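Participant: Below, each chain spelled out in residue letters.
There are 2 protein chains.
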Amino acid sequence: MYISGIGRTKFGVLSKSLVELAYESMFNAINDSPLNISDIDAIFVSNFLGGPLNSQLHLNSVIASLLPGLNIPIVRVETACASSSVALNQAIYSLSKFSNVMVVGVEKMNGTHLISTTDAISMASDNELDSKNGLIFPAAYALIAQQYMNKYGVSHETLEQISYLNHKNANLNPLAHFYHKEVSLQTIRDSPVVATPFNLFDCSPISDGAVSVIVSNKRMSDRDVRILSSEISTDCISLTQREDLTSFKATKIAAKKAYENSGIGPKDIDVLEVHDCFTINELIALEDLGICNPGKAFELVETGDLTLKGSVPTNIDGGLKANGHPIGATGLAQIFEVATQLRQEAGKRQIESPEIGLTHNIGGVGGTTGVTIMGA
Amino acid sequence: MYISGIGRTKFGVLSKSLVELAYESMFNAINDSPLNISDIDAIFVSNFLGGPLNSQLHLNSVIASLLPGLNIPIVRVETACASSSVALNQAIYSLSKFSNVMVVGVEKMNGTHLISTTDAISMASDNELDSKNGLIFPAAYALIAQQYMNKYGVSHETLEQISYLNHKNANLNPLAHFYHKEVSLQTIRDSPVVATPFNLFDCSPISDGAVSVIVSNKRMSDRDVRILSSEISTDCISLTQREDLTSFKATKIAAKKAYENSGIGPKDIDVLEVHDCFTINELIALEDLGICNPGKAFELVETGDLTLKGSVPTNIDGGLKANGHPIGATGLAQIFEVATQLRQEAGKRQIESPEIGLTHNIGGVGGTTGVTIMGA
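So the protein lines, in turn, are chains A and B. Under this note's numbering, the very last position in the first sequence is 376; numbers go up by exactly one each time. Under this note's numbering, the very last position in the second sequence is 1376; numbers go up by exactly one each time.
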């Protein structure tokens, strides 16, 4: 199957509503593709916090209101921060019945007041075991970081370099949350502590934004990108139930299946988008995806292999850290970037002739993972 | 494809948690089927209000915690009150890839306190146009009822008879919310006004409960029931955007497709489950599904055709009114009842030799509809 259209909004603290953001990305995806909206057979809507933050559930019917008279199947999928790669996965299943389907990822996190954003995000944790007891997400990932850094002898300097690199990449991405924000290593190092070992620049921001992607079962134009594999996996939700905090089993399983189904191996990946909700996660992702051995990802940071001109260009759009993390849209933002790179339309941040790309999208502390492999 | 296992909990005001309810129904479905849990390739979780009422999103990963080591794809689907028929529809798409999948519908509405249940349910409406302005669900359906009753000259007595019949049916269903609650026509007539023309007995209750269904791409046992068609459709979410309030376009479209795909017509239906969230909806459903002509459903009430021994036995489990309405489980409760009837395992409420059944499940005021046709 093929990605035949992509569209997104700018990410950031935006004045647009949840519905306006969704509409803008859908409009852009249709404009990008050779298709009309009437060619779309079904829509999969990804959104995480519409209920708690926007008092809006049943978002599929809100999207139906934007398309009067179509009355097509529209579905909402929610799996925390992995919502949009899971929605894409569902869309792909549906191509057994349909020809062209759209996946819409959207999140409106700023300027809403029903409950606090931190409390809302905590709904991705086990309420009984974790969030009710105060284990908010920065603290949960800080526990993971402490275990990882102790086990492999990695210092906070490595995390600072990851943050620095992602901000540098975002400066080449006009749609990124932190486009044109110069961030020095000193600023990163001196930023306020959030949860040891994390300071502010280890944490991805609270972003508004939307991304839409059209998936077709036939090639629609020369700009189409092939989806070679889409796999999702789950794991227990609470850290209290995990054997190992320095690796995510759901990622390993989803990646193994995606590699097997596509015949692609980690060495074949030319462009990579990983879920750096916190800097530590970029290291763990590189290892769980088999890009390097366990405990060795810091070497890729030090050698420059993750940069635009390196051997494994990673998070070239700025990643969750600096492109932004509008949760229900994040997995599709990764798809958007890899598709743009494979089409060789990434402008100043274009990688040289990439053939294969991979996206890695996590929900909660690894409770859900989606891995997608694409080819030019 | 086939329904190879069904399981549910009692519906009502229950002391069990969201997760405990889900687990009980999953356990019962596995016990009912010839399969083991390790035969399940993927799970589709339907839940509407986990975020606003239970502070629990990312429910797919909570379900993964109940099944340690499986790490299979698990997805959460939400489309308001139609969530579970839409989840079933998604599960059916996935059979292009999988052999056996489970659909779990669950809702825990009582004993939670984050926000009021009425405010939470209102999230199924358009927040900007309707719910923010105070149009709660009983009021929205009361507008529909007023239009319908004026147009067709139907009185509240007809609605009372629907309520009475559904309560009478529930008295034959030990798992119903209102099992063993004798309700007289006088009690129904004298109950307090909620929103004219509705009084308390026109409204379905606030129920806790869960239902699980296993769907297989091959026949697993003699007790399997065939799924002949599953179709979903959407419409604009707000009543302000509708041309006609006395009929739901999404139902008509989903039903038309389901009839076409299965080769079954309205006259072939031996057992019917319709979405009577408010009594008026039972009349509208019968008409939108083509069981009778517009404005004529009251005749089916008067003739007794909807009863256990009538020509179109409807809501024999008690319907949403008296079996209960645990929102994320409601569509699957309808599937459970029709499967039980087609297997001829319904005990005291068994219909004589039904061959074909249909379920009709609505989200919001008709923003989403799922129609499923099954055969013995």
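Watch out, some of these pointers could steer you wrong.
Claimed, not checked - BS3-like mimics (lysine-lysine), calculated; alpha carbons at most 27 Å apart, straight line:
# : chain 1 : residue 1 : chain 2 : residue 2
1 : A       : 97        : B       : 1181
2 : A       : 16        : B       : 1249
3 : A       : 257       : B       : 1218
4 : B       : 1132      : A       : 97
5 : B       : 1097      : A       : 218
6 : A       : 218       : A       : 181
Claimed, not checked - Footprint (simulated), chain A over chain B, 3 or more residues, beta carbon under 8 Å:
# : region
7 : 1089-1103
8 : 1116-1128
9 : 1221-1235
Think of the hints as simulated: they come from the structure by calculation, not from any bench. All values derive from a computational prediction rather than experimental measurement. For every residue, glycine included, the Cβ atom is placed at its ideal position computed from N, Cα and C.
Participant: Would you mind marking each hint as holding or not holding in the structure?
Facilitator: Each hint tested on the structure:
1. A:97 to B:1181: violated, 45 Å
2. A:16 to B:1249: violated, 30 Å
3. A:257 to B:1218: holds, 24 Å
4. B:1132 to A:97: violated, 37 Å
5. B:1097 to A:218: At roughly 19 Å apart (the allowed maximum being 27 Å), residue 218 of chain A and residue 1097 of chain B satisfy the hint.
6. A:218 to A:181: Distance ~41 Å between residue 218 of chain A and residue 181 of chain A Cα, so the pair is violated.
7. 1089-1103: holds (count 6)
8. 1116-1128: holds (count 9)
9. 1221-1235: Answer holds; 5 residues pass the 8 Å Cβ test.
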